[in-house]
Amino acid sequence: MTKQLRKYNGKIMRVDLKKYAFNRKGLRRKGKVKKMILSGMNFYARTWANFSKNRLLKLTSIILIIATILSSSSPAYSNFPPPASSLIAQEGYVGKTAVDFLNEGLQLIQAGKVPDAIASFQRATELDSRLAPAHYNLGLALRQAGQLQPAADAFYRATQSDPKFALAYANLGGALLEGGNWQQAGDYLQRAIELEPKLGMAHYNMGLLRHQQRDWDKAISSLKKAIEYSKNAPEPSYYLGLSYLQQGKADKAKDAFRKAVKMNPNYTEAHYNLGSILYSQKKYKEALESFRRSAETNTNYPNAYYGAGLTFIQLRQCADAVQVFQYASNLYNTQGNPQWANMAQQQLQQAQVCNVPGQ
Numbered sequence: 001m002t003k004q005l006r007k008y009n010g011k012i013m014r015v016d017l018k019k020y021a022f023n024r025k026g027l028r029r030k031g032k033v034k035k036m037i038l039s040g041m042n043f044y045a046r047t048w049a050n051f052s053k054n055r056l057l058k059l060t061s062i063i064l065i066i067a068t069i070l071s072s073s074s075p076a077y078s079n080f081p082p083p084a085s086s087l088i089a090q091e092g093y094v095g096k097t098a099v100d101f102l103n104e105g106l107q108l109i110q111a112g113k114v115p116d117a118i119a120s121f122q123r124a125t126e127l128d129s130r131l132a133p134a135h136y137n138l139g140l141a142l143r144q145a146g147q148l149q150p151a152a153d154a155f156y157r158a159t160q161s162d163p164k165f166a167l168a169y170a171n172l173g174g175a176l177l178e179g180g181n182w183q184q185a186g187d188y189l190q191r192a193i194e195l196e197p198k199l200g201m202a203h204y205n206m207g208l209l210r211h212q213q214r215d216w217d218k219a220i221s222s223l224k225k226a227i228e229y230s231k232n233a234p235e236p237s238y239y240l241g242l243s244y245l246q247q248g249k250a251d252k253a254k255d256a257f258r259k260a261v262k263m264n265p266n267y268t269e270a271h272y273n274l275g276s277i278l279y280s281q282k283k284y285k286e287a288l289e290s291f292r293r294s295a296e297t298n299t300n301y302p303n304a305y306y307g308a309g310l311t312f313i314q315l316r317q318c319a320d321a322v323q324v325f326q327y328a329s330n331l332y333n334t335q336g337n338p339q340w341a342n343m344a345q346q347q348l349q350q351a352q353v354c355n356v357p358g359q
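316 is the number that my numbering gives to position 316 of the sequence shown; each next residue is one higher, with no gaps.
Since the hints were made in silico from the structure, they are not lab data.
Just so it is clear, CB atoms sit at the ideal spot from N, CA and C, and this is done for glycine as well.
Some clues are possibly wrong.
[Stated by the list, open to error] So the derived label-pair ranges between C-beta atoms look like this:
no.	residue 1	residue 2	range
1	232	126	35 to 41 Å
2	252	349	33 to 39 Å
3	249	285	22 to 28 Å
4	130	197	25 to 31 Å
5	300	228	32 to 38 Å
[As the list claims (entries may be wrong)] Straight-line Cα separation of at most 25 Å, BS3-like style, residue types lysine-lysine; simulated pairs:
no.	residue 1	residue 2
6	259	282
7	285	262
8	262	224
Work out the full structure, taking the sequences as your base and the hints as a guide.
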């Protein structure tokens with residue numbers, strides 16, 4: 001998880017802008033760490049390292065309100081036509097203002113046309129370099145496109161255009177966090193919190209930073225604030241659970257994971273980690289149900305099958321254990337993880353004799 005800031009995660013930030021950034025104010029969801037439950041039960045399979053992929057959640061919030069208020073007739077923006085030279089051979093652009101292109105970009109994002117949206121946002125910034133919403137939304141779109149460094153640059157320009165733009169600081173901090181620049185990430189996230197103390201996204205990202213620094217107490221404190229200010233976002237509860245696990249507080253972790261899956265019944269990793277705790281507490285039937293839900297939400301998540309296999313062995317359902325271990329092994333191989341594929345095969349061999357007396 002120490003990517004150089006390329007130079008911002010797509011898994012530089014592969015954010016689903018349509019779902020998270022432009023349609024609601026909330027946390028985004030967000031793999032090197034693949035710790036599975038073995039006999040000793042290590043609970044944080046796919047922990048914060050996952051935030052660089054499908055779950056590193058950043059609260060992103062588009063300024064639709066600003067874009068709506070700033071119509072092309074707004075005095076502050078309607079009197080800044082582009083240089084004449086920029087209109088050459090650009091049919092359909094004559095007379096458009098920066099805000100026109102900003103609104104056009106928003107519409108293109110909602111239509112799923114990210115490259116076209118990027119072009120519109122860039123045009124908006126060219127026409128009015130002071131239009132912070134254009135820089136900000138350009139950053140979000142570039143993140144979706146996997147262009148980390150350009151996204152970080154866009155967020156930075158948004159902060160320069162509007163030094164009180166808390167969301168821009170929060171996203172810039174998130175970019176630096178994912179790029180491995182922890183010191184600057186913390187500085188920008190702290191600035192976002194100073195500007196907007198109730199910005200759940202900033203507290204969430206700060207919690208991820210503290211988690212990555214293995215400062216569990218501060219991570220828990222930040223994540224609790226994220227939960228307080230982003231009540232409908234499941235991700236802070238999930239990472240709160242992971243932090244509690246690091247402190248050995250299994251019951252608190254279990255409660256946090258349950259809150260996460262209550263808010264998002266399709267939260268694959270939360271179901272898995274909940275199952276891991278239940279397994280360690282010898283609540284095998286409940287654990288099996290959690291692993292089953294994890295697999296249902298993502299049929300290509302091998303940890304769920306591996307955990308189910310361990311549970312089937314405890315329940316002496318050996319044939320079922322063999323089946324899921326084989327499936328887990330196949331998935332690990334397909335996903336380029338031969339080490340865990342071999343471990344699944346070893347467990348499979350044990351499952352084949354789990355009903356033999358003395359085994």
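Against the structure, the hints come out as follows:
no.: 1; hint: 232 <-> 126: 35 to 41 Å; in the structure: holds, 37 Å
no.: 2; hint: 252 <-> 349: 33 to 39 Å; in the structure: holds, 36 Å
no.: 3; hint: 249 <-> 285: 22 to 28 Å; in the structure: holds, 23 Å
no.: 4; hint: 130 <-> 197: 25 to 31 Å; in the structure: holds, 26 Å
no.: 5; hint: 300 <-> 228: 32 to 38 Å; in the structure: holds, 34 Å
no.: 6; hint: 259 <-> 282; in the structure: holds, 21 Å
no.: 7; hint: 285 <-> 262; in the structure: holds, 19 Å
no.: 8; hint: 262 <-> 224; in the structure: holds, 17 Å
The structure fails none of the hints (numbered hints given earlier).
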